[in-house]
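Here the protein sequences line up with chains A and B, keeping their order. Residue numbering for the first sequence follows this note's numbering, starting at 1 and increasing by one per position. Residue numbering for the second sequence follows this note's numbering, starting at 1 and increasing by one per position.
Possibly wrong hints are sitting among the right ones.
Here are some, though not all, of the chain A residues that point toward chain B, as calculated from beta-carbon distances under 10 angstroms [stated by the list, open to error]:
1. Ile21
2. Asp79
3. Tyr122
4. Phe148
5. Val258
6. Gly270
7. Val285
8. Cys288
If you want the footprint, here are the derived chain B segments under chain A, 3+ residues with CB under 8 angstroms [unchecked claim]:
9. 75 to 87
10. 233 to 243
11. 254 to 260
Calculated from the structure, these hints are not laboratory results. Glycine included, C-beta positions come from ideal geometry on N, C-alpha and C.
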Amino acid sequence: MGKYVTKRILLLVPTLLIVCIIVFALMRMIPGSAVDMIVYRLGQAGQQVSAADVEAKLGMDKPAIWQFFTWFIGIFRGDFGTSLFQNESVLSMIGRQLMATLELVILTLILTNVISIPLGLYCAARQDSISDYTIRSISIVLMALPVFWIATLVLIYPALWWQYAPPATYVSFFTDPIQNLKMFFVPSLLGALSQTGHQLRTVRTVTLETLRQDYIRTAWSKGIGEGRIMLRYAFRNAMIPVITVIGGSIPGLIGGSVILENMFNIPGIGAQLVNSLDNRDYPVVQGCVLIFAIIVMVVNLIVDISYKWIDPRVELE
Amino acid sequence: MKDLFKKKPMGALGLILLALFVLVAIFADVLAPYPMVNGNMTVDVIHKLEPGSAEHLLGTDSLGRDVLSYLIYGARTSVILGICCTILSTLISIVIGVTSASIGGKFDLILQRFVDGWQCIPGMLILIILMNIMGNGLVQLILAMAIPAGIGGSRMIRSSAISVKDAGYVKMSGILGGNVWWKMLKHIIPNIMPVILMGLAGSLGGVIMMEASMNFLGYGVDPGTPSWGYMITNQGRSNMYVAPWLALYPGILISIMVFASAMFGDAVRDLMDPRLKGGIGSYNSKKIAKIAARMGKKQTV
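Let's have the full structure, built from the sequences with the hints guiding it.
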């Protein structure tokens with residue numbers, strides 16, 4: 001187990017290299033006019049610079065290979081470059097905003113599972129009953145609703161009817177947890193909705209399959225109660241596909257968090273990314289994308305390792 | 001097709017809804033009460049932000065444009081985008097997946113590592129970066145959505161191409177002198193067609209949803225092109241207290257279209273997946289009983 005984990009962690013380095021190549025290549029596709037744009041924006045911000053200065057700052061005056069490796073080696077030293085507009089390193093900017101994004105993603109994950117797993121188990125236990133049909137129909141509808149549209153409606157109608165709007169100023173969880181949760185609850189619930197529909201259906205299908213196994217019949221014949229059978233016998237054995245779905249949902253959740261952060265005024269990395277793209281602050285964009293990719297990589301690793309924890313029979317190579 | 005209507009009523013409903021959207025898109029000029037003049041919607045600033053009335057069934061937006069007409073033209077944008085994107089991304093998937101599987105070896109290994117790396121970056125981010133680089137517009141949007149989706153989808157095509165590659169007839173073709181390209185075009189691609197079609201049917205809804213979400217971040221088609229997503233974000237949000245219906249209608253349409261394509265995609269998958277299709281390999285007890293009965297008859301005769 002320990003050997004496998006070390007091997008997987010070491011394998012992250014080549015993947016990281018490839019992710020960096022892709023991000024770097026994307027950034028190199030930016031047309032030359034972007035430099036003029038940056039010069040103009042900096043001029044607006046009160047800094048008189050020439051195009052050559054900006055190119056030097058972006059490292060565009062050096063060969064691409066040299067640029068890439070300085071950036072890549074810098075990442076391992078914790079140096080992601082500096083923002084063009086704010087006199088701050090990219091890493092410290094991201095560090096400031098990472099908490100908000102992580103909180104949003106984690107809360108969304110928790111809400112998704114808290115809703116979808118019990119309901120999915122319930123649907124499997126009461127297959128083809130009226131409540132099963134109702135819950136499944138609702139879950140299909142949830143899958144088809146665009147998150148940002150529901151978010152727009154949630155911002156419009158409560159404000160229209162009850163003059164209610166979620167708080168728009170960010171407070172850290174550690175200074176005022178209640179105020180913080182008030183702000184995060186609505187966006188994370190919205191983020192959870194579409195994922196819930198998908199996951200609920202997975203939980204139901206997989207549990208239905210396990211419920212047909214011989215060991216479940218044996219458990220019934222031993223007189224074990226339904227609750228215990230569902231949780232200890234059926235769900236535990238149905239968990240591997242569910243974990244795969246959860247792991248696979250992370251890139252989508254991050255994409256969704258970019259929208260939700262912008263909509264609900266949450267100062268996270270997603271909001272920063274969109275802002276920096278508008279400003280053409282490319283070093284920051286590079287850093288943000290890289291951080292998201294690293295989060296996805298780490299989640300994939302955790303998912304793979306958790307297979308062994310759920311089912312000790314799984315052979316890790 | 002017959003199976004679709006007989007066995008999968010929900011899938012058939014999806015297909016009908018999609019066909020309806022396509023028809024509306026084609027005949028937009030006839031259907032819209034206020035058709036476009038020279039590619040522009042009629043603007044009538046005096047009658048702006050009006051609720052629904054006999055003249056404007058669903059009201060007007062902040063420029064006095066008829067909402068119903070706008071939505072009808074928006075269907076055209078969505079349909080064009082959905083069709084072009086799914087076809088282009090499927091083509092990209094086929095090229096990457098099939099070449100990777102048929103050439104194999106180091107080429108496959110290196111290409112697959114790149115696909116792995118690509119999949120670590122959330123698709124949304126690649127999309128907004130590409131849009132930022134290329135600028136707004138319909139063609140740009142199609143390219144920006146098709147490329148990431150194509151690379152992501154190549155995985156499934158590659159794995160099914162690999163399973164076909166080792167079949168006897170492909171090897172035989174090689175022995176008879178067929179080179180890699182011949183084998184790919186003549187044998188591998190026709191035999192993985194079900195997987196390709198499954199991907200096509202399933203990804204339409206995602207494209208529509210993505211386009212709408214992109215609008216919120218300020219990327220999408222030109223503001224002059226009617227688009228449901230653009231309407232929600234720009235008209236709906238900025239006039240949300242005066243005319244809340246502006247955000248409501250396009251969202252309902254997007255949901256219906258996504259729902260329809262999801263239902264249709266599911267049905268196509270169920271009908272095409274050989275494991276669910278029936279035959280001895282499947283767990284369809286009726287069919288097994290039928291085959292068993294036939295075999296029994298043969299033996300007695």
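Here's how the hints hold up against the structure:
1. The interface hint given for Ile21/A holds, since its Cβ lies 7 angstroms from the closest Cβ of chain B, which is under the 10 angstroms cut-off.
2. Against a cut-off of 10 angstroms between C-beta atoms, the interface hint on Asp79/A is violated, since the closest Cβ of chain B lies about 21 angstroms away.
3. With 10 angstroms as the threshold, the beta carbon of Tyr122/A stays out of range of chain B, its nearest partner Cβ sitting at about 22 angstroms, so the hint is violated.
4. The closest approach between the C-beta of Phe148/A and any C-beta of chain B is roughly 5 angstroms, which is under the 10 angstroms cut-off, so the hint is satisfied.
5. Checking Val258/A against chain B by beta carbon gives a least distance of about 6 angstroms; that is within 10 angstroms, so the hint holds.
6. Given the 10 angstroms rule on beta carbons, the hint for Gly270/A holds: about 9 angstroms separates it from the nearest Cβ of chain B.
7. Interface hint at Val285/A: satisfied, since its Cβ lies 7 angstroms from the closest Cβ of chain B, which is below the 10 angstroms cut-off.
8. At a threshold of 10 angstroms, the smallest CB-CB gap from Cys288/A to chain B is about 8 angstroms, leaving the interface hint in force.
9. Coverage of a stretch by a chain is defined here by at least three residues with a beta carbon nearer than 8 angstroms to that chain's beta carbons; for the stretch 75 to 87 of chain B and chain A the count is 0, and the condition is violated.
10. Check result for the stretch 233 to 243 of chain B against chain A: holds, 5 residues qualifying (beta carbon to beta carbon below 8 angstroms, three or more required).
11. Note: the stretch 254 to 260 of chain B has 5 residues with beta-carbon separation from chain A under 8 angstroms; the three-residue rule is met and the coverage holds.
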